[in-house]
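*Asks:* These protein sequences, in sequence, are chains A and B.
Letter 131 of the first sequence, counting from 1, is numbered 131 in the working numbering, and no numbers are missing.
Letter 206 of the second sequence, counting from 1, is numbered 206 in the working numbering, and no numbers are missing.
Treat the hints as calculated values from the structure; they're not laboratory data.
Mixed in with the good hints, there may be bad ones.
Heads up, the list lumps identical chains together, so a pair's fine if it works in one copy or across two of them.
Dumping the calculated BS3-like pairs for lysine-lysine here, alpha-carbon to alpha-carbon at most 30 Å [as the list claims (entries may be wrong)]:
#1 Lys-333 to Lys-126
#2 Lys-91 to Lys-126
#3 Lys-314 to Lys-60
#4 Lys-333 to Lys-91
#5 Lys-60 to Lys-149
#6 Lys-80 to Lys-91
#7 Lys-149 to Lys-314
#8 Lys-314 to Lys-126
#9 Lys-130 to Lys-314
#10 Lys-60 to Lys-333
#11 Lys-333 to Lys-149
2 protein chains.
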Amino acid sequence: MTNTIILSDATLRDGNHAVRHQLTTEQIANYASAAEQAGIDIVEVGHGNGMGASSCLLGKATGTDTELLAAARAHLRDSKLSVHFIPGFGKTTDIERALEVGVDVFRIASHCTEANITRQYIEHVKRAGKTAYGVLMMSHMADADELLKQSRQMQSYGADAIVLMDSAGFSTPDLVTEKVARLVDNLSVEVGYHAHNNLGLAVANSIVAVQAGATMLDACVRGFGAGAGNTQLEALVAVLERYGYRTRTDFAHTAALARITEAFLPVRTPHISIANITTGVFGLFSGFVPHIERLATELHIDAFELCERLAARKLVAGQEDVIVEEAHRIAAKINNAAAVA
Amino acid sequence: MTNTIILSDATLRDGNHAVRHQLTTEQIANYASAAEQAGIDIVEVGHGNGMGASSCLLGKATGTDTELLAAARAHLRDSKLSVHFIPGFGKTTDIERALEVGVDVFRIASHCTEANITRQYIEHVKRAGKTAYGVLMMSHMADADELLKQSRQMQSYGADAIVLMDSAGFSTPDLVTEKVARLVDNLSVEVGYHAHNNLGLAVANSIVAVQAGATMLDACVRGFGAGAGNTQLEALVAVLERYGYRTRTDFAHTAALARITEAFLPVRTPHISIANITTGVFGLFSGFVPHIERLATELHIDAFELCERLAARKLVAGQEDVIVEEAHRIAAKINNAAAVA
C-alpha cells in the first residue's frame, strides 16, 4: 500500500461555484502558475458544473471552456490539467476541444446511480490515450454496495480511477470509511475522495478516506468551493504529513500558495487563515496570532520563521513578551545581513 | 455509558479573543438570552484569558468581570453561568466576586503540567458548594501519562470534571482518542474536551473525544473563538445527532441560535454559514445554496423549510428549477394562510 497521495486541486473549478463562475482567465493563469510552483499534482479548471455547463440557468462563465483551459495550460508543466465533465452539460465535441487544448485528466462524472451514462466519454478519452477518472457525485445517496456496482461499471469502461464525491457535505467519517473501503477492497483501479465542509468534517473525511485506502484527494486552496467549500488544501497537507503520508508538495509550499493567492483570488468560502494553521502545526497558543501578525507586518519579518522560533522555545500563554523579543531578533538578523551586503 | 453530552458554550469567553476582548455587556446579554432559549447547558463569560486578565498587555475588556458576568446572569435560568479562571491572572478575590454575582461553574485552568497551582481555587469553589472543573490547557504539550497524573491531582482537590484543552489546535483525532481514553478509563470524574479548528479538525476531534468517553464538549456559535476559532456549535450538534448522541438542545435550536446572533454578534473567525450546514444535514448539493438563499429572501420564506422539501424530493444538481417551484409553493401556502386569517 502506497503512502503517497495524489492531490487534485479543484480551486479553479469547484471554486468557480463560489463566485458564480466568474473566475477570469487572468486569475486562472495566475493560480495555475502558483500551483505549478507549489508542486500540485493536478489542476482542475472550468465552470463549476464542468464542460458545456456555462448557461443562463447555471450561470455564464467569463469565457469558453477552451479559453479557461488554455489560460491554465500555458502555466502548467509538471502539474497536470484536468476537466470536470458531466454528460448532458458536456458533449463529445467538448471532449474533442479539451483534447486539442491539451487536457491530461478527464473527470467523467455522473450522479452516483447513473454510471452508465459515462461509458462513451470514458472510452473516448481512453482511445485518445489520456487519463479518465470516473466520478460518482452525491455519493451519500447510494450505499456501499450500489457505489461498488456503479464503480465497477466505470472501471469496465476503462476508468483509471474512481472518485467518490460528497457533493452535499453530508457524510461523516464512519460513512466515508465504509464506502471507500468497499471500493478499495474490490476494484483494481485507484480510489479518490472529494469532500465538502458543510459539517466541518472535510479534512477528517479526507484523512479517513486515505486510511481506508484512497490514494487521491481533491482539495481547494483556502477552502474555496461550492457551499461551505471543499477540503482546505493547506490544512489537509499539514494533517497528511502528521499522519505520515507524502505528497508531491508539502505544507510549506501549500502555505506559500495560500499566501500568494490572497493577492489575486478573493475567496468567499469560510477558511482558516494560514497564520492560524501554522500555529496549529507548530502547537502555539491560538491567542498569539494577532501578536505574530502585527509584528510580522511592522518589522517586515516572516511570520512562519517567527512561529518556528516560538515553537522551539515551547512558548505558552502569558509569555507574549517573548514574541516581541524573538520578532526583534529576526528583524535584527535581517538588518545585519543587509548591512553586511 | 451515557450518550447525553453536556455542551459548554465558550462564545462569550474564548470568542472574546477574536474581538480583542471587546464584547459589550449588551452583546453578552443578548447572547445569553438566545443561548438560554436554545437550551445550551453552560454559558461561559468573560475576558478571553479569564478572570482578572483584563490588562494593557493582554487587552482591556469593556467592563469589569462582575459587569460582564452580571450582564449574562440576568438572562440565564436553566442554562448555567461559568467562568474561566487561570491562577495568576485570577485571584481569590475574583472567585469571591464571581460567587457574589451567581456563577455556577468555575473552570479552574492551568498549563497542562501545572495542575498543582489550581488546588486552593478548586477547594475554595467546592467549599462554596459550586461546581469546579479542572482545565488542562495546551494539552498537546504533555503525553497521556502526564495528563492523567495532572488530572488525578485536580480530581484529588475536588474537581467535578477534567477538561482537556487543545489550545493551539494542534491535535489530530488519534492523539485526542488516546489522551481522552486514558483519562476516562482512570478517573472517577467526567471528562470534557475543548478543540480549536486550526487544522480543520475541531468537529472531528470533538466527536472522537465523546467516542472515547468524554461527556462534555466546549463549542462556540459560528465557530467564534481565538485563532481559527473553536468547534462550531451548530455543526457539532448536527454531527452529534448523526452519531446518536443527545444534548439538551438540538440542531434546529442551534441553527436558530446561529441565525439570531448574526444580528448582534459579528463573528471574525472562519465559520460555515447555517445555510451550508443545513444543506449538509439534509444531503442537498452545495451548489443549491445561492438559489435557496436568494429565494428565501425574495419570497420571505424559511430556508430551513425549503431545504426540508428539497430533501424530501431527493433533488440533485441540474434540477435547480424545482427549487424555484418549491419556494413558490411555500410562499403560496403562507399567502393563503394570511388570506384566510
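*Asks:* Are the hints correct? Go through all of them and say.
*Replies:* Cross-check of the supplied hints:
Taking CA atoms no more than 30 Å apart as the test, Lys-333 paired with Lys-126 passes in neither setting, with 56 Å inside one copy and 52 Å between copies. Taking CA atoms no more than 30 Å apart as the test, Lys-91 paired with Lys-126 passes inside one copy only; the shortest distance there is 16 Å, against 72 Å between copies. Only between protomers do Lys-314 and Lys-60 lie at most 30 Å apart by alpha-carbon distance; the minimum there is 26 Å, versus 52 Å within a single protomer. With identical chains, the CA atoms of Lys-333 and Lys-91 are never at most 30 Å apart, being 59 Å at best within one copy and 40 Å at best between copies.
In this assembly of identical chains, the alpha carbons of Lys-60 and Lys-149 never lie at most 30 Å apart, being 35 Å within a copy and 61 Å across copies at closest. In this homomeric assembly, Lys-80 and Lys-91 come within 30 Å of each other (Cα to Cα) only inside a single copy, at 22 Å, whereas the closest approach across copies is 60 Å. Taking the shortest alpha-carbon separations for Lys-149 and Lys-314, only the inter-copy value of 21 Å comes in at or below 30 Å, while the best intra-copy value is 52 Å. Within a single copy, Lys-314 and Lys-126 get their C-alpha atoms no closer than 54 Å, and across copies no closer than 33 Å, so neither meets the 30 Å cut-off.
In this assembly of identical chains, the alpha carbons of Lys-130 and Lys-314 never lie at most 30 Å apart, being 50 Å within a copy and 34 Å across copies at closest. Proximity of Lys-60 to Lys-333 under the C-alpha cut-off of 30 Å is found in neither arrangement, the shortest distances being 51 Å within a copy and 33 Å between copies. Taking the shortest alpha-carbon separations for Lys-333 and Lys-149, neither the intra-copy value of 62 Å nor the inter-copy value of 42 Å comes in at or below 30 Å.
The structure is inconsistent with the numbered hints 1, 4, 5, 8, 9, 10 and 11, although it conforms to all the rest.
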